[in-house]
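Engineer: Chains A and B supply the protein sequences, listed in that same order.
Going by this note's numbering, the residue at position 2 of the first sequence is 2; the numbering climbs one at a time, nothing skipped.
Going by this note's numbering, the residue at position 229 of the second sequence is 229; the numbering climbs one at a time, nothing skipped.
Please note that a few of the clues may not be correct.
[What the hints assert, rightly or not] For lysine to aspartate or glutamate, the following DMTMM-like pairs were computed, each having C-alpha atoms within a straight-line distance of at most 20 Å: (1) A:Lys-80 / B:Asp-176; (2) B:Lys-6 / A:Glu-119; (3) B:Lys-160 / A:Asp-54; (4) A:Lys-123 / B:Asp-33; (5) B:Lys-9 / A:Glu-119; (6) A:Lys-3 / A:Asp-51; (7) A:Lys-160 / A:Glu-119; (8) B:Lys-6 / B:Asp-176.
[Stated by the list, open to error] Quick list of simulated restraints, FRET-style, between CB atoms: (9) B:Gly-20 / A:Thr-16: 52 to 62 Å; (10) A:Lys-7 / B:Glu-161: 18 to 28 Å; (11) B:Ser-260 / A:Gln-102: 50 to 60 Å; (12) A:Lys-208 / B:Phe-174: 56 to 66 Å; (13) A:Val-55 / B:Lys-160: 13 to 23 Å; (14) A:Lys-7 / B:Phe-94: 51 to 61 Å; (15) A:Asp-156 / B:Gly-111: 55 to 65 Å; (16) B:Thr-154 / A:Gly-112: 26 to 36 Å; (17) B:Thr-107 / A:Leu-242: 56 to 66 Å; (18) A:Gly-14 / B:Ser-260: 27 to 37 Å; (19) A:Val-55 / B:Lys-9: 44 to 54 Å.
No lab work stands behind these hints: they were computed from the structure.
All C-beta atoms in this analysis are idealised placements derived from N, C-alpha and C, irrespective of residue type, glycine included.
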Amino acid sequence: MEKLEVKGLNHHFGFTEILRDINFTLEKGEVLSIVGPSGGGKTTLLHLCADLLDVEEGSVKNSFASHTFAFQEGRLLPWKNVIDNIALGLLANGEKKAAAIQKSQEIALQFGLEEEDFEKFPKDLSGGMKQRVSFARALVVKPSLLFIDEPFSALDIGLKKELQAILIEMISKKEISILFITHDLMEAIRLSDEILLLKADPGHIVKKFQYDLPQNERDDKYVYSESAKILQDVEIIDTFELELK
Amino acid sequence: MKFALKILKDFPAYLWSGWGAVASILLFIAFWDMGNQIYGDLVLPAPLETFKTLFVMIQDASVIEEIKTTLYRASMGFGISLLLGSALGLIAGFFATASMMSRPIVTILVGMPPIAWIVLAMIWFGMGDETVIFTVIVASFPIIFVGALQGTRTLDGDLKEMADSFNLPWHMKFFDVYFPHIFSYVFPAWVSGLGMAWKIVIMAELLATSDGMGASLAIARSQLDTPTALALVVIMIGSLMVIEYIILEPIKREVELWRS
Ligand SMILES: Nc1ncnc2c1ncn2[C@@H]1O[C@H](COP(=O)(O)OP(=O)(O)OP(=O)(O)O)[C@@H](O)[C@H]1O
Ligand SMILES: [Mg+2]
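If we strip away everything but chain B, and leave its shape as in the complex, we get:
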């Protein structure tokens, strides 16, 4: 609770430090506008036109519906990865054999191109929610699994010994000695897992479903509707940026204050 308050208290200062980021985004938009003037509206619509299209789109109930569908798939897939990856990673980390055996599996999961998973999932599950959710899970699971595994593997034996010498009860051992260390590994893994999930969900939808933002993107492409396509991209990137910079980054800062 105290912790949440501290995050809120530091939030304005954090936002203020974001002017640099705003400046670079504006610079980016300026280059975008330059590209529009060179290549024309069909190839690269002007930022203004894109944002106008965006504005119209977000008032359209059907578009909101697509966004919700995508959100549902991404959060289902990511949620399952988060639970499974964290739990299995922690358990594997506690056993030397398990962490040794899991390494090649992780290499396979990480090394396998997501597109190959999509093809397999389409064969196994057909076109629909399951295919997308499955792909999201297999893409973000290994990232979270490895984070959790590293967290437990790197626990400091000296601190464990110290905890024993002071007869810490089990709940103090967990919350004061193990958890902060493990969390400092798992949390960044969650953040990268989330980024991965959001990218993969669009890709999987584009190839394997007829609804969701990915599918809308496919339709915009087939109709050569570049402003809509770009507006969709803006939604995707914008939502990721909001989650990352407004929610996750401030938490991460507080959590890692003690790190040098």
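If we strip away everything but chain A, and leave its shape as in the complex, we get:
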């Protein structure tokens, strides 16, 4: 069985403690999200899980067949156009050039990019377009585990919903497992089986929220009522330093 298992994970940058005693397991087909304040160590945790940073203390065991990463800042190659950027992972997997371009164009259209954008270089893209390209690049290779660092932060509500719908469809078909970071509690509730609340200084998990209703059955009403519930939670209020009125 494919799974990602994190046990007793600690991390330091220099003398600053960034993460303390992180434990969780992500089973195949599950969606896990991490929410928490800015600078709390979420990106660091995701990089450790994706083997982009070396684990110092504790263990990260990843037995998924393949994984890709959609970065918070996009990280597109500035000298490649939209389609060539998306095709990067496919070509790395040994796919034929023509097939890779074909698949990249399809997913680009699906992600709301237009044909006239295909030849553009990243410098000529908006922030949200860059995010979509980066996300498409990670998703087009059909990884069994997908890491996403704030995938939709620069998108309008319409686009956000469209992309979430694409993910929800894949999730319902059990095609993919996801570990993602978000600032948007509603997004977390819409997509996740489990939410990890990461409190800062140093980053540690203070609470886990479970959602058992299948993602494709969650309607807006469900999401709103669950959001209202979670906003009443003492730990959430404390972590985000929300004022109660």
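With the hints as your guide, set chain B with the ligands onto chain A.
Structural biologist: Quick look at chain B with the ligands alone, frame taken from chain A:
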């Protein structure tokens, strides 16, 4: 290949955009003619006379021979600089210690006046090809070396990480991630290196050899043959302009399209 085609395709539009340059050259020639009318033929021959002399000269086999000699020296010196400078610069860029240690050496090489190199080279190699080629190498090498060094030093760690996360094979890492970045630094350095090489070769020839365009210039001076001297200058500048604007600039434009 696709790339070369694109350069060719954009070439006419690029040429068309060159009218402004043509206009400014013509304006320059007009001022030159004015200078001739004020100071007379000995000091500043008329453009027309200069171009007539030029026309006669390029039909003279011995002049062509001199030009070839100079071309040979410049391209030898520049070629060696290009290979050595790019290779050593890239290697130095990959190692923090090497790039730190190379800095003072580069400062010395850049700071040393070329004329001093010529004097030293004349002592070491005598009068001839080696002296000229050596001077060209030491003058253009540091420019190319620094370009290549900057190219590797400034490689983006985030993009490297991205490349690792997608398991790019080594050849893709090199051609898709490292090379375009490095090239955008190295190529402009090659262009400035070439300009430097062309200037230095004439100077070195003028002082240290009895053949080549530099030497012809020295002879024209001693005979007070101003039209020939000016015609030689026109050849030198003209050839540099052709190389720079007809060959290098269009390539540079395509290569740097992605830059903001
Ligand atoms: N390479 C690094 N070297 C030193 N310190 C770092 C490094 N990367 C991150 N940090 C520090 O670690 C802390 C956590 O950073 P991280 O990027 O994980 O936060 P985050 O939770 O993702 O924040 P945000 O929501 O704003 O993206 C910050 O204080 C940051 O300054
Ligand atoms: Mg982050």
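Engineer: All hints, please: hold or fail.
Structural biologist: Checked hints:
no. : hint                              : result
1   : A:Lys-80 / B:Asp-176              : holds (8 Å)
2   : B:Lys-6 / A:Glu-119               : holds (14 Å)
3   : B:Lys-160 / A:Asp-54              : holds (15 Å)
4   : A:Lys-123 / B:Asp-33              : violated (47 Å)
5   : B:Lys-9 / A:Glu-119               : holds (17 Å)
6   : A:Lys-3 / A:Asp-51                : holds (15 Å)
7   : A:Lys-160 / A:Glu-119             : violated (24 Å)
8   : B:Lys-6 / B:Asp-176               : holds (19 Å)
9   : B:Gly-20 / A:Thr-16: 52 to 62 Å   : holds (57 Å)
10  : A:Lys-7 / B:Glu-161: 18 to 28 Å   : holds (24 Å)
11  : B:Ser-260 / A:Gln-102: 50 to 60 Å : violated (29 Å)
12  : A:Lys-208 / B:Phe-174: 56 to 66 Å : violated (44 Å)
13  : A:Val-55 / B:Lys-160: 13 to 23 Å  : holds (19 Å)
14  : A:Lys-7 / B:Phe-94: 51 to 61 Å    : violated (37 Å)
15  : A:Asp-156 / B:Gly-111: 55 to 65 Å : holds (56 Å)
16  : B:Thr-154 / A:Gly-112: 26 to 36 Å : holds (34 Å)
17  : B:Thr-107 / A:Leu-242: 56 to 66 Å : holds (57 Å)
18  : A:Gly-14 / B:Ser-260: 27 to 37 Å  : holds (33 Å)
19  : A:Val-55 / B:Lys-9: 44 to 54 Å    : holds (51 Å)
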